[in-house]
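Peer 1: Given next are the chains, with one letter for each unit.
Number of protein chains: 2
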Amino acid sequence: MGEEVQTEALIKEKARALFFKKGFLDATTQEIADEAGVNRALIHYYFRSREHMLEMLLDETLLEKKERVRNILTSSLPFRMKIARFIDTLVDYGLTYPYLDNFIISEMARRPDKVKLFCSQDKIKSSDLIREQLEEEIAGGKIAPISPENFMVNLSALCNYPLLAKVVLQTIHGMTDVAYRKFLVERKQVIYRTIFNEEMPELTAINEFQKTTRKN
Amino acid sequence: MGEEVQTEALIKEKARALFFKKGFLDATTQEIADEAGVNRALIHYYFRSREHMLEMLLDETLLEKKERVRNILTSSLPFRMKIARFIDTLVDYGLTYPYLDNFIISEMARRPDKVKLFCSQDKIKSSDLIREQLEEEIAGGKIAPISPENFMVNLSALCNYPLLAKVVLQTIHGMTDVAYRKFLVERKQVIYRTIFNEEMPELTAINEFQKTTRKN
DNA sequence: TTTGCGTTTAACAATTTTGTTAAACAAAAA
DNA sequence: TTTTTGTTTAACAAAATTGTTAAACGCAAA
Chain V
85 MGEEVQTEAL
95 IKEKARALFF
105 KKGFLDATTQ
115 EIADEAGVNR
125 ALIHYYFRSR
135 EHMLEMLLDE
145 TLLEKKERVR
155 NILTSSLPFR
165 MKIARFIDTL
175 VDYGLTYPYL
185 DNFIISEMAR
195 RPDKVKLFCS
205 QDKIKSSDLI
215 REQLEEEIAG
225 GKIAPISPEN
235 FMVNLSALCN
245 YPLLAKVVLQ
255 TIHGMTDVAY
265 RKFLVERKQV
275 IYRTIFNEEM
285 PELTAINEFQ
295 KTTRKN
Chain Y
85 MGEEVQTEAL
95 IKEKARALFF
105 KKGFLDATTQ
115 EIADEAGVNR
125 ALIHYYFRSR
135 EHMLEMLLDE
145 TLLEKKERVR
155 NILTSSLPFR
165 MKIARFIDTL
175 VDYGLTYPYL
185 DNFIISEMAR
195 RPDKVKLFCS
205 QDKIKSSDLI
215 REQLEEEIAG
225 GKIAPISPEN
235 FMVNLSALCN
245 YPLLAKVVLQ
255 TIHGMTDVAY
265 RKFLVERKQV
275 IYRTIFNEEM
285 PELTAINEFQ
295 KTTRKN
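Quick note, the sequences are listed as chains V and Y, same order. First residue of the first sequence: 85, per the numbering used here; consecutive thereafter. First residue of the second sequence: 85, per the numbering used here; consecutive thereafter.
It is worth saying that the hints were derived from the structure and are not from the lab. The reader is advised that the hints may include incorrect statements.
All copies of an identical chain are treated as equivalent in the list; a pair is satisfied when it fits inside any one copy or across any two copies.
PhoX-like cross-link-like pairs, simulated, lysine-lysine; straight-line CA separation at most 25 Å [stated by the list, open to error]:
# : residue 1 : residue 2
1 : 209       : 266
2 : 150       : 272
3 : 295       : 150
4 : 200       : 266
Produce the complete structure using the sequences and hints provided.
Peer 2: Spelled out as structure tokens, the structure:
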């Protein structure tokens, strides 16, 4: 017996890195095989076809990301802490896979039929998950009136756009990869301030809060 | 003699539509030819190669967009009117070419070498064009402190993201193309409110202002 | 040892896509 | 009319890419 699980996992990992980390949106099966140091036919042995493999990768990765977001938005945290967490998670996720959204978007444009399949999986829109809390904030005069849809689009835009436009922004401002990472991390607070016009609470404080309320 | 100019322009126009409007990011030369109703070899006759054609299209379109943005940011308008114009223009441009940024981003990821060429064309960063006015606003306490870079990234993100994520957002919220256009147009005001926490001035008012000041 | 099973490979076939070329064509100039 | 110039086409060649298959390989059980 060879090393089935390891090789299959290795190929997946390398393909993910190629697509989502390095941004080779249209890497060929040969390039994936090279990256994993295996024969090209193995791609077909494990994943049947290139198409099939892509679907698998997208499915898995999207599901994981959605899970994370969902967990945050359905948590019992107060609104502003929830959003702070959301920003933190989304930006960090982007730092791990700088080209993920890029890839998804290109792929979706390529296969509009598949989009419905992917999107229909989540029954509840994330905008619905914050509707009530957002309405409270607005009613309390703590934030200017805005629809949940626009609020979520704003939030996603501010978090995701700098990653989508990574190459362009990085070149314009002459930033190295390290400098760009720093820029993104510091932007977390900028985003929070843009949305709420106040300083973002420390994440450690949020964690503490969560521990305390869980005890009670 | 045939009809050189018309055919060449036709091919360009159809290619632009295919890439930037319909979102066929990797349309083949055959598909472009079909769209324009001409023989595939004509693409090579006029544009030498597919690569060369893409470079040409990107070059032209990017230049035009940059020109528009530059004109707004270097105008003599007061800061907030300037930004209102910026938002209006960027969103409208996006409505004309919903997949333009998408295409640029994919293409840039594909050819990181070309990026420098495109970006180096504009000697002045747009963030530098608003630096002084932004500092005034901040000094006057009219807006929370923020770097020009982050301000511009925020602005671009809020304007461009909904177009980049068009397919996804449209599917999630079950919107037709018409409904999505409406959503985007209405978002202009949402974006302005998100940035400045006040209502956006009417564009007609801005035009009036510009006329008046020009007279003096 | 040899048999069996899952894994891996090399070689092949089919398809798609790009780029080239020579010839047909249309209209203006000689 | 004939020539010339520029435009358009069809047919061909070359390259890249995907998917298939049969054989080799390695390890564990018989």
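Peer 1: Are the hints correct? Go through all of them and say.
Peer 2: These are the hints, each one checked on the structure:
{"no.": "1", "hint": "209 with 266", "verdict": "between (31 Å within a copy, 20 Å between copies)"}
{"no.": "2", "hint": "150 with 272", "verdict": "within (20 Å within a copy, 28 Å between copies)"}
{"no.": "3", "hint": "295 with 150", "verdict": "within (24 Å within a copy, 50 Å between copies)"}
{"no.": "4", "hint": "200 with 266", "verdict": "between (36 Å within a copy, 21 Å between copies)"}
Of the hints listed earlier, there is not a single one the structure fails to meet.
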